[in-house]
Amino acid sequence: MRLPTVDDVERLIPRPDDFTSRARGTGLSARVGIVLGVAFGICFLTGLWSHVQYDPPGWLPIGPQPTQLYRITQGTHVITGIASIPLILVKLWSVFPRLFIRPPRGPRALLVEALERASIGALVGASIFMLASGLLNIAQWYPWDFSFRATHYAVAWVAIGSLLVHIAVKLPVIRQALGAPLDEGTDDGPNDSPDERPTDDDLLTRRTVLGGALVSAGLAALLTAGQTVPFLRKISVFAVRDGEGPQGLPINRTAKAAGADETAMDPNFVLELIVGGTTMTFDREQLAALPQQTHRLPIACVEGWSRNAEWTGVSVRDLIALAGADPRSDIVVRSLQTKGAFGVSVLPKQFVEDPRTMLALELNGETLSLDHGYPCRIIAPNRPGVLQTKWVQQLEVRS
Amino acid sequence: MRAVRALLLVAGVGFGLWGVWLMRDFTSDRLLSTGTWLAGGILVHDAVLAPLTVGLGIVASRLLPHHFRAVTGLAFLVWATLTVVFLPVLSGQGGKPDNDTILNRPYLLSWLVLTGVLAGAAVVAGLRRRARAAGRTAADAG
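So the protein lines, in turn, are chains A and B.
Under this note's numbering, think of the first position of the first sequence as 1, with each following residue one higher.
Under this note's numbering, think of the first position of the second sequence as 1001, with each following residue one higher.
Extracted from the complex, chain A is given alone in its bound form (with noise of 0.2 Å):
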């Protein structure tokens, strides 16, 4: 008896030769890494823009048109992250023995190799970090003690980051792949006896794992749409959302978890409206009578659902036209809810100055439930549905 020695632990690590499927490579490796890559990219572009809606810098142009942007955008970037995981798994797949490559002899070579798999080590981590996040997040199931908001976001600095990186160092190699034809050297033909030997078409090929990879993709993203593409709704069975709920639209806080629901069926509610020093109050009977307008918007979510619904209220313009303010002002929201996030809101003057943003009263020709903000919410065109505030107890004008 001896103790093992490195030599004997090393021994039991496999070696990269020793992965022995040929449907692993270069090839497979490099166009499905640039498939990825793409939609990276989408994720990253369509997530940046997300980003800004919560706070827009004042030289971007986000407004009310077009009324179905943001609806776009997010859906895009929720079914694109989506889509991305089938290609990680087999792209990870393909690249996997490559782990198992024996560090160089040699300072200079050690230490390229080290900065190669540190860059790696950040791409996998983060990128397996963005898409799995995303994924618990839009079935409102937080395992973690970060914010999501902000660490998706800086996070993905990071994956796109060290995504450039990787293309960077890759590039000839990239370059010598998708010179070379997909299936070369796939043949598993001297290791099998001739009576066993299989048709060619009885083994994985590159392409076929390339055609899955996208087939694969493709089905995830048109198993789970349907929560943003309504003619995808049946077909969308894995879709968190089935595009239902009250009054024809699904919700994403009840008032009992925003702690709305006992203040907002107060009898004695009274929206306030706060223009210079001066506050007028409405009652929900003093806001019905008020001119009413009906328009079909959508409540599009950061979590990648949407819907159209047709809202009737109050103009946002008008009503504090009663008021004598300006329409070009920003107005502070405030809602009823004592949980939870964006209890206050923002709503930018280009916003207020849309005649279709209302203090919404009622949802496709039923008064507005509880759950959906009764006794009035806020509906902009193309805003987060987050920041369609429900439950609003103060409109505050900015001058």
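Hints may contain errors.
Unchecked claim - Beyond 10 Å from chain A on every Cβ pair, some chain B residues (computed):
no. : residue
1   : Val1020
2   : Val1048
3   : Ala1050
4   : Val1059
5   : Ala1080
6   : Val1084
7   : Thr1115
8   : Gly1120
9   : Val1124
10  : Leu1127
11  : Ala1131
12  : Ala1138
13  : Ala1139
14  : Asp1140
15  : Ala1141
Unchecked claim - Facing chain A, according to a computed beta carbon distance under 8 Å, are these residues of chain B, among others:
no. : residue
16  : Pro1088
17  : Gly1094
18  : Tyr1107
19  : Leu1108
Bear in mind the hints are in silico, worked out from the structure with no lab data behind them.
Quick caveat: nothing in here was measured; it's all calculated off a predicted structure.
The beta-carbon is built from N, C-alpha and C at its ideal position, and this holds for glycine as well.
Fit chain B to the given chain A structure using the hints.
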């Protein structure tokens, strides 16, 4: 190409550092949780999912008749990757008990159907391949 690569490298390092900079105000609890998820993703893949897949591949290549190998491999690829995508909705976690407009579909049933369809497709495709190969052999002999 050198210039393109250099540009990508510089931009990439810059973006990555910017991402790290954005986390500068995170509390240690948040950082720890972020780090756990960053490292955990790699670990779950490299130490669990990938070895499991390789192991299944070795077993399948020993047990499965030749004509069934490629079709089973393809069916497994689709099944396994989709199952990972659907894990959150299949888990029974997430959502809120007072909100029945989220996670309100029979996901397990859909997954069983998906599994059945893919397994069935692999068997049918394998049988057809075997029959076709047998036909070829017979034709060669005749």
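Each hint, compared with the structure:
Not every beta carbon of chain A lies more than 10 Å from that of B/Val1020, the smallest distance being close to 7 Å; the non-interface claim is violated. Once the 10 Å rule is applied to beta carbons, B/Val1048 is consistent with being away from chain A; the minimum gap is 12 Å. The claim that B/Ala1050 is not at the interface with chain A is violated, since a C-beta of that chain comes within 10 Å of its own (minimum 5 Å). For B/Val1059, the condition that its CB be more than 10 Å from all CB atoms of chain A holds, with the nearest at approximately 13 Å.
Residue placement check: B/Ala1080 does not keep its beta carbon more than 10 Å from all beta carbons of chain A (closest about 7 Å). Separation of B/Val1084 from chain A is inadequate, the least Cβ-Cβ distance of about 6 Å not exceeding the 10 Å criterion. Non-interface status of B/Thr1115 relative to chain A is upheld: no Cβ of that chain comes within 10 Å, the nearest being about 13 Å off. Listed as a non-interface residue, B/Gly1120 keeps its Cβ farther than 10 Å from every Cβ of chain A; the least gap is roughly 16 Å.
At roughly 15 Å from the closest C-beta of chain A, the C-beta of B/Val1124 stays outside 10 Å, upholding its exclusion from the interface. Its beta-carbon lying about 13 Å from the closest one in chain A, B/Leu1127 satisfies the requirement of being farther than 10 Å from that chain. A cut-off of 10 Å between C-beta atoms confirms that B/Ala1131 is not in contact with chain A; the least separation is 13 Å. Non-interface call for B/Ala1138 relative to chain A: holds, since the shortest CB-CB distance, roughly 14 Å, exceeds 10 Å.
Distance check on B/Ala1139: its Cβ is at least 13 Å (rounded) from any Cβ of chain A, clearing the 10 Å threshold; non-interface status holds. Annotated as non-interface, B/Asp1140 keeps its C-beta farther than 10 Å from every C-beta of chain A; the closest such distance is 12 Å. The Cβ of B/Ala1141 sits about 14 Å from the closest Cβ of chain A, beyond the 10 Å cut-off, so the non-interface label holds. The beta carbon of B/Pro1088 comes within 4 Å of a beta carbon in chain A, closer than 8 Å, and the hint placing it at the interface holds.
The beta carbon of B/Gly1094 comes within 3 Å of a beta carbon in chain A, closer than 8 Å, and the hint placing it at the interface holds. Satisfaction of the interface hint for B/Tyr1107 is found here, the shortest Cβ-Cβ separation to chain A being roughly 6 Å, below the 8 Å cut-off. Checking B/Leu1108 against chain A by beta carbon gives a least distance of about 11 Å; that is not within 8 Å, so the hint is violated.
In this structure, the earlier hints numbered 1, 3, 5, 6, 19 are contradicted, and the remaining ones agree with it.
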